[in-house]
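Those protein sequence lines, which keep their order, are chains A and B.
At position 28 of the first sequence the residue is numbered 28 (our numbering), and the sequence of numbers has no breaks.
At position 248 of the second sequence the residue is numbered 248 (our numbering), and the sequence of numbers has no breaks.
There's no promise every hint is true.
As the list claims (entries may be wrong) - With a straight-line Cα cutoff of 25 Å, these simulated DSS-like cross-link-like pairs (lysine-lysine) come out:
| id | chain 1 | residue 1 | chain 2 | residue 2 |
| --- | --- | --- | --- | --- |
| 1 | A | 45 | B | 122 |
| 2 | B | 274 | A | 161 |
| 3 | A | 123 | B | 274 |
| 4 | B | 274 | A | 160 |
| 5 | A | 160 | B | 179 |
| 6 | A | 123 | B | 179 |
Simulated from the structure, these hints should not be mistaken for lab results.
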Amino acid sequence: MTAPLAKTPKRGEPIGDLMSPAPDTRKKIIQVEGLERRFATPDGKSNTQVFGDVWFSIHEGEFVCLIGHSGCGKTTLLNILAGLDAPTAGGVIVDGKEISGPSLDRSVVFQSHALMPWLSAIKNIAFAVESRWPQWSRKQVLDHCQKYIDLVHLTGSESKKPVQLSGGMKQRVGIARAFSIEPKILLMDEPFSALDALTRGSLQEELLSICAETHQTCFMITHDIDEAILLADKIVLMTNGPEARVCEIVENTLPRERTRQDAYTHPNYYPMRNHLMEFLVSRSKRFSQELSSGSYDPRYPPVVRPTAGPRDAGASKAGEPQPAQDGAKYGDPLR
Amino acid sequence: MQPRMSVKAGMLSLVLLTLFLAAWHLLVLAQQGPAVEMDPEYAALMGKQATEGASALPKPAEVGAELWRHVTDPFYDAGPNDKGIGIQLAYSLFRVLTGFLLAACVAIPIGFLIGMSPIFRKALDPFIQIMKPVSPLAWMPLALYTIKDSNLSAIFVIFICSVWPMLINTAFGVASVRKEWLNVARTLEVGALRTAFRVVLPAAAPTILTGMRISIGIAWLVIVAAEMLVGGTGIGYFVWNEWNNLSITGVISGIVFIGLVGMLLDMALARASKLVAYAE
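When you get a sec, could you build the whole thing from the sequences and use the hints?
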């Protein structure tokens, strides 16, 4: 199939990016700047901050995962990116423009698939395609839908209603619907969390190959470490709420051409996994102590690259505060 | 297993019907009183009750013969007090369907408004709560005074009794459309009107149809009473007229036809709700 909007990274666009170890020359599709969201307490007298001072960006063609415990506002953050919710402070810039609401630029794969039960699989996708290209003829719409049905391996189930599809097939339709409008960025809210482990595995692989094929920019929320290591180029770690912060950004040190079968054999797999696990189990709770002791700058959260090198950034520093902008770590070789 | 069960159930229904008819027949026979001797000319003016001591209640066979007479000749017109049952039912159906459709035209859009806007829901709620429990017949004098036409007044009474179930069900159906479906529409930048017709309407359709089914049932209940009041035509007037004729046979056959038509109306709406139903 032809590649949707997101093309291969454009080279020769020097952008001063302090967050990355080597300056990333790709275009920034999404910039999250100082995002904060407060919710009123039940008595309505005061409000609590779910998260605040959240800064990160997503480059064209990049797959970014956000990991955090439930309650840290992951879904709220995604809803703000989708334009379904508004931040209390800060803003989101998509392709140079601040967003003010939902847009066809950003399509969403919902946790609960959110298919309309009265429409067949292909009609669910057609609803999206007709919204994206209202001037298209019926045949054009159906041909386009069929392409995405085939992409998610649902050929033959086009006319089935959601109730006749299994959980994995429903989410496939949800993914096909999101891809079909060829968005600038795909937002996914724990899309596989309701599926059994086997289905989840095969869907992750399919998503990986579709993204490799289309160079789709993706932002995904998850609490599954292995999912993040398999799919993401960059993993944003969010501390526990309330007042959640971006703790650090972990760059995936596994080669991009990874599969579910061979990922765990790579020497960097366990350093990555241990680092993320260490974060979820203990650091996510104690981050406020790190905040007061370290030189944490919310605008430039520390970027780490856990590897199996002599100075194992992930495992050996477990439990210790990660100093920001640690140059030594960025120099670590990939292997 | 399934077909055998329906055969058994059908047989049981027949047995129950036979028992009921037999009991009815015996009851009528038991009420037989002594015959009275009287002048033949006077006897011709009196009914069989006076001359033969027969019960005023007809035997099942007599009602059956009357029903058959109506079925074989439904559309005769022998003056204002003697019209075929088909004509009377047609008048009633016309009033019910007109009032019901007018009510649907009003109730479904307003129900949409209430379901979509919490402000309107709160603002209209007191009116609905007060108007809903009012018996539709209580509107009859007011309708007769303002509209000054008994036929239109009957239609108005049907309208007012059909409005509430449809209004409340539409509002409930629209308000309980899953938020995620609306969010899908929002992320696809679908306009308000397209969202209403492509997302909210199909999502709420089963609930709306349930409201319509309740409404048509109530309307068919009310039309009999309304026509007894306004008179002239219709199945309600027919039943009252048969009572004035002291024809219990006529009254019972009227009841049977009211039941049959009510069942058909309900079946039609049930068929329609199957068309818009969806499983989650």
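Status of each hint after checking the structure:
Taken as a hint, the residue 45 of chain A and residue 122 of chain B pair is honoured in the structure, with Cα atoms around 24 Å apart against an allowance of 25 Å. For the hint linking residue 274 of chain B to residue 161 of chain A, the alpha-carbon distance of about 15 Å falls within 25 Å, and the restraint holds. At roughly 20 Å between alpha-carbon atoms, residue 123 of chain A and residue 274 of chain B fall within 25 Å of each other, so this suggested pair holds. At most 25 Å may separate the alpha-carbon atoms for a hinted pair to count; residue 274 of chain B and residue 160 of chain A meet this at roughly 18 Å.
Among the hinted pairs, residue 160 of chain A with residue 179 of chain B is consistent with the structure: their alpha-carbon atoms are about 23 Å apart, no more than 25 Å. With a CA separation close to 19 Å, the supplied pair residue 123 of chain A and residue 179 of chain B stays within the 25 Å bound.
Hint check: no violations occur; every hint is consistent with the structure.
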